[in-house]
Amino acid sequence: MAKIIVVTSGKGGVGKTTTSAAIGTGLALSGFKTVVIDFDVGLRNLDLIMGCERRVVYDFVNVIKQEATLNQALIKDKRTDNLFILPASQTRDKDALTQEGVGIVLDELAETFDYIICDSPAGIEKGAQMALYFADVAIVTTNPEVSSVRDSDRILGILQSKSRRAEKADEPVQEHLLLTRYNPARVDAGEMLSVSDVEDILAIPLLGVIPESEAVLKASNSGTPVILDNASDAGQAYDDAVQRLLGKELEHRFLHAPKKGFFQRFLGGK
Amino acid sequence: MSFFDYFRSKAQPTSAELAKERLQIIVAHERGARANPDYLPQMQQEIIAVIKKYIAIDQDQVSVQLDSNDDCSVLEVNVTLPD
Chain A
152 MAKIIVVTSG
162 KGGVGKTTTS
172 AAIGTGLALS
182 GFKTVVIDFD
192 VGLRNLDLIM
202 GCERRVVYDF
212 VNVIKQEATL
222 NQALIKDKRT
232 DNLFILPASQ
242 TRDKDALTQE
252 GVGIVLDELA
262 ETFDYIICDS
272 PAGIEKGAQM
282 ALYFADVAIV
292 TTNPEVSSVR
302 DSDRILGILQ
312 SKSRRAEKAD
322 EPVQEHLLLT
332 RYNPARVDAG
342 EMLSVSDVED
352 ILAIPLLGVI
362 PESEAVLKAS
372 NSGTPVILDN
382 ASDAGQAYDD
392 AVQRLLGKEL
402 EHRFLHAPKK
412 GFFQRFLGGK
Chain P
8 MSFFDYFRSK
18 AQPTSAELAK
28 ERLQIIVAHE
38 RGARANPDYL
48 PQMQQEIIAV
58 IKKYIAIDQD
68 QVSVQLDSND
78 DCSVLEVNVT
88 LPD
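Chains A and P are the protein sequences, given in the same order.
Under the working numbering, the first residue of the first sequence is numbered 152, with each subsequent residue one higher.
Under the working numbering, the first residue of the second sequence is numbered 8, with each subsequent residue one higher.
None of these hints come from the bench; they were simulated from the model.
Just to be clear, a hint being listed does not mean it is correct.
Some chain P residues near chain A, calculated using beta-carbon distances under 7 Å [as the list claims (entries may be wrong)]:
1. A18
2. Q19
3. L25
4. K27
5. V34
6. R41
7. P44
8. Q72
Residues of chain A clear of chain P, computed beta-carbon distances all greater than 12 Å [as the list claims (entries may be wrong)]:
9. A153
10. F264
11. D304
Residues from chain P that face chain A, not an exhaustive set, calculated with beta carbons under 8 Å [claimed, not checked]:
12. I33
13. H36
14. D77
All values derive from a computational prediction rather than experimental measurement.
Quick reminder that beta carbons are idealized off the backbone N, C-alpha and C, glycines included.
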């Protein structure tokens, strides 16, 4: 039985697409057949982040409207086995996503895939609601910043009231917190909310902490999911998050700034 | 923290502490509102309008609250009448 994972946040620009690409790639590397679906109709970007923008022929909306088959629209990743991308339509609007249509496509994907990752658009409109409606698991991507935390809490409310599992009174959607763009040095200086601050407020289990990292921009520049950059802190942190998602217990890393030398501490330099 | 920071007074909260405090308040408030049914705000307004027709009161002298227990909901309307 396929597991449907939604990567959501409410707020834009917190790292949903980066996370979808990284987690999808990580699951495929672990041997699971995985598809990542872009739900951001009109503003697709997953294709760019995963480096397959020039191979898009048909899209998610074409499949829903039965203008193309799933096999025609699915793009097989060139780097990673077991990994597929279903791009969003760039020309239609969000109303092209109907609950019935999305449900049929997800059912068909569930026959052959182990994991279906739904990359949600920002906001709480139709696209975001469709992305989370069918989810079994939610990865709530949050930055340690007031507006992002507040929006994440709002999204948690929607998961608990408007998802299929909530409507059918099934077991609730499994919620995970993924804290991204974390800067331990600023946390130590009292300038940024800490992991435990955000955990206190949102009260959901922590899947991982991704440090603010130059590797993320470099990865998106080249269209390579950052998890493939094994040498980078962000890549390793995403790797840990994937292993935790698969049930492994790993200690959280990258929570503390590198120790400063005596003179640096004494003089307060960076 | 640098050597010179030890001389600064510790009275002021850091900006992160301020952020956490503000978030806790707004999130608690919004969670409370989320639990209420959609019609509650409008009903509140209408109840206040009816009371206002007969008594000169301010908006903030009326509170309408819905509390739900396991098997029953209680609608509580509190009006502070002017002397």
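For each hint given before, does the structure comply? Return the numbers of the non-compliant ones in rising order.
Going through the list in order, the structure violates hints 1, 2, 3, 7, 8, 11, 13, 14 and respects the others.
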